[in-house]
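A.B. asks: Kindly produce the complete structure, drawing on both the sequences and the hints.
Top to bottom, those sequences are chains W and Z.
Heads up, the first sequence is in this note's numbering, so the first residue is 64 and it goes up one at a time.
Heads up, the second sequence is in this note's numbering, so the first residue is 32 and it goes up one at a time.
These are calculated hints, taken from the structure and not from any lab test.
Hints may contain errors.
What the hints assert, rightly or not - If we take Cβ atoms under 7 Å as the criterion, some of the chain W residues that face chain Z in the derived model are:
(1) K85
(2) E95
(3) Y99
(4) I100
(5) G247
Glycine is no exception: its CB is placed at the ideal position from the N, C-alpha and C atoms.
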Amino acid sequence: MKKIISYVSVLACLAFVAGCTKEPLNNLTEEESRIYITNYDSTVQFNNYKTFSIADTVSIIDNNRLAGRELTSWDARLIGAFRTEMEARGFMMVDRSQNPDLGINVSRLYNTFSGIVEYPNYWGGYGGFYDPFYWGYGGSPYFFPPSYGIYEVTEGAVSIDMLDLRNAASTNQINGVWNGLLRGTGIFKESNVDSQVQALFEQSPYLRTNQ
Amino acid sequence: MKLLSLLSICVLLAVSPIKAQQREVQMNINYSYSMPVGSFSNIVENNSGRGFQANILYGISDKLAVGLGTGFQDFYHKNPRQLYKTSDGSDISAVLTYSVQTIPILLQGKYYLSPESAVQPYAALGIGGNMIMFREMLGEFGDTETKFGFAARPEAGVFIPFRKNGETGFNLGVSYNLMPYKNNMVTNLNNVAIGAGFKFMMRR
Numbered sequence: 064m065k066k067i068i069s070y071v072s073v074l075a076c077l078a079f080v081a082g083c084t085k086e087p088l089n090n091l092t093e094e095e096s097r098i099y100i101t102n103y104d105s106t107v108q109f110n111n112y113k114t115f116s117i118a119d120t121v122s123i124i125d126n127n128r129l130a131g132r133e134l135t136s137w138d139a140r141l142i143g144a145f146r147t148e149m150e151a152r153g154f155m156m157v158d159r160s161q162n163p164d165l166g167i168n169v170s171r172l173y174n175t176f177s178g179i180v181e182y183p184n185y186w187g188g189y190g191g192f193y194d195p196f197y198w199g200y201g202g203s204p205y206f207f208p209p210s211y212g213i214y215e216v217t218e219g220a221v222s223i224d225m226l227d228l229r230n231a232a233s234t235n236q237i238n239g240v241w242n243g244l245l246r247g248t249g250i251f252k253e254s255n256v257d258s259q260v261q262a263l264f265e266q267s268p269y270l271r272t273n274q
Numbered sequence: 032m033k034l035l036s037l038l039s040i041c042v043l044l045a046v047s048p049i050k051a052q053q054r055e056v057q058m059n060i061n062y063s064y065s066m067p068v069g070s071f072s073n074i075v076e077n078n079s080g081r082g083f084q085a086n087i088l089y090g091i092s093d094k095l096a097v098g099l100g101t102g103f104q105d106f107y108h109k110n111p112r113q114l115y116k117t118s119d120g121s122d123i124s125a126v127l128t129y130s131v132q133t134i135p136i137l138l139q140g141k142y143y144l145s146p147e148s149a150v151q152p153y154a155a156l157g158i159g160g161n162m163i164m165f166r167e168m169l170g171e172f173g174d175t176e177t178k179f180g181f182a183a184r185p186e187a188g189v190f191i192p193f194r195k196n197g198e199t200g201f202n203l204g205v206s207y208n209l210m211p212y213k214n215n216m217v218t219n220l221n222n223v224a225i226g227a228g229f230k231f232m233m234r235r
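C.D. replies: Below is the structure:
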């Protein structure tokens with residue numbers, strides 16, 4: 064009887080303490096769950112660019128395949144927020160027919176598998192998502208330097224790519240010069256768009272120009 | 032309520048025949064409160080009240096008992112949102128969280144300095160292995176690394192029997208947990224633990 068009581072008390076202690084393990088995912092707010100990643104071409108002088116244009120639709124990339132283009136209210140909100148931040152930093156938005164220095168592409172990325180998507184694969188098929196003809200450089204390949212990072216996603220993400228259009232004709236390729244990435248819970252809520260875009264720009268102090 | 036039940040059980044167990052410790056099998060089970068030290072404290076500043084230590088020892092003599100021990104401790108620390116630079120030059124704004132669990136499995140020896148006293152000081156040493164689960168999270172994203180490493184635990188404390196020459200009683204001790212573990216952030220998971228609990232006699 065005493066042995067049984069001993070064993071039961073021991074098991075009770077073990078169960079009690081094991082149940083007290085602090086699970087990190089249960090101790091994060093929605094905002095804390097999100098991460099904001101930026102990367103840029105460190106050889107570029109952003110104050111040499113003056114004008115920009117934003118693609119009028121957002122590409123939907125599902126498992127590295129273009130699934131369509133949309134302009135939902137969320138998409139429009141994000142494009143508007145990005146424009147506001149760019150203009151606050153001295154850049155001027157123009158129509159794409161007016162030879163902007165920078166082109167902005169926005170993509171919503173979805174991975175419906177429980178696997179891993181590597182972003183170089185996303186850029187590998189970039190010409191299929193964003194026709195270079197749109198920017199006036201039909202036939203020119205896109206080029207993203209290998210210094211851009213590799214990130215793995217298992218759910219959804221938002222990618223914003225900034226392209227050097229001013230030098231595309233002379234280099235015969237459209238270079239990516241900046242990338243912003245949003246990941247985590249709540250990135251597709253409209254109420255979070257402004258703060259997320261603001262966060263991307265706050266960690267990119269080099270992204271400004273003199274007008 | 033759980034604590035009250037546990038205390039009641041211990042009082043019942045205290046009514047046991049008076050015998051020397053030799054050839055007896057004893058169980059010690061302690062609640063453990065642990066404080067990271069060394070490089071471990073650089074990433075986990077918070078102390079942990081989520082742990083226990085337990086062992087089953089066989090009395091070789093009146094003063095010395097040897098056997099097997101284990102335990103569990105859960106460490107957790109969440110940092111406020113900060114900007115981090117990665118090796119590829121990216122900037123990541125994230126809430127960085129560390130979650131570490133340790134489960135040592137040790138060969139233990141315990142030496143009672145004065146086994147007939149009302150308060151019996153002891154010294155103990157455990158050597159063996161340590162199962163480590165180390166998780167680093169950026170926001171909701173992260174990986175868990177599971178490793179098995181070396182562990183050692185010197186300990187000192189007192190045993191207070193519930194009655195004169197009784198084998199059941201109260202433990203109170205301090206141990207230093209030596210846990211080598213290396214990654215980009217730390218070189219060990221060393222910690223100092225305070226344990227309080229009970230000793231039961233299991234078999235004569």
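A.B. asks: Please check whether W:I100 passes as an interface residue: C-beta within 7 Å of a C-beta belonging to chain Z.
C.D. replies: This interface hint holds because 5 Å falls under the 7 Å limit.
A.B. asks: Hint validation: W:Y99 versus chain Z, beta carbon distance must be below 7 Å. Holds or violated?
C.D. replies: This interface hint holds because 4 Å falls under the 7 Å limit.
A.B. asks: Would you settle whether the hint for W:E95 is holds or violated, based on the nearest Cβ-Cβ distance to chain Z being less than 7 Å?
C.D. replies: It holds, given that the least Cβ distance between W:E95 and chain Z is near 4 Å, below 7 Å.
A.B. asks: Holds or violated: is the Cβ of W:K85 closer than 7 Å to a Cβ in chain Z?
C.D. replies: Result: holds, 4 Å to nearest chain Z Cβ.
A.B. asks: Does the interface hint hold: is W:G247 within less than 7 Å of chain Z, judged Cβ to Cβ?
C.D. replies: 5 Å, holds
Hint compliance for this structure: every hint is met.
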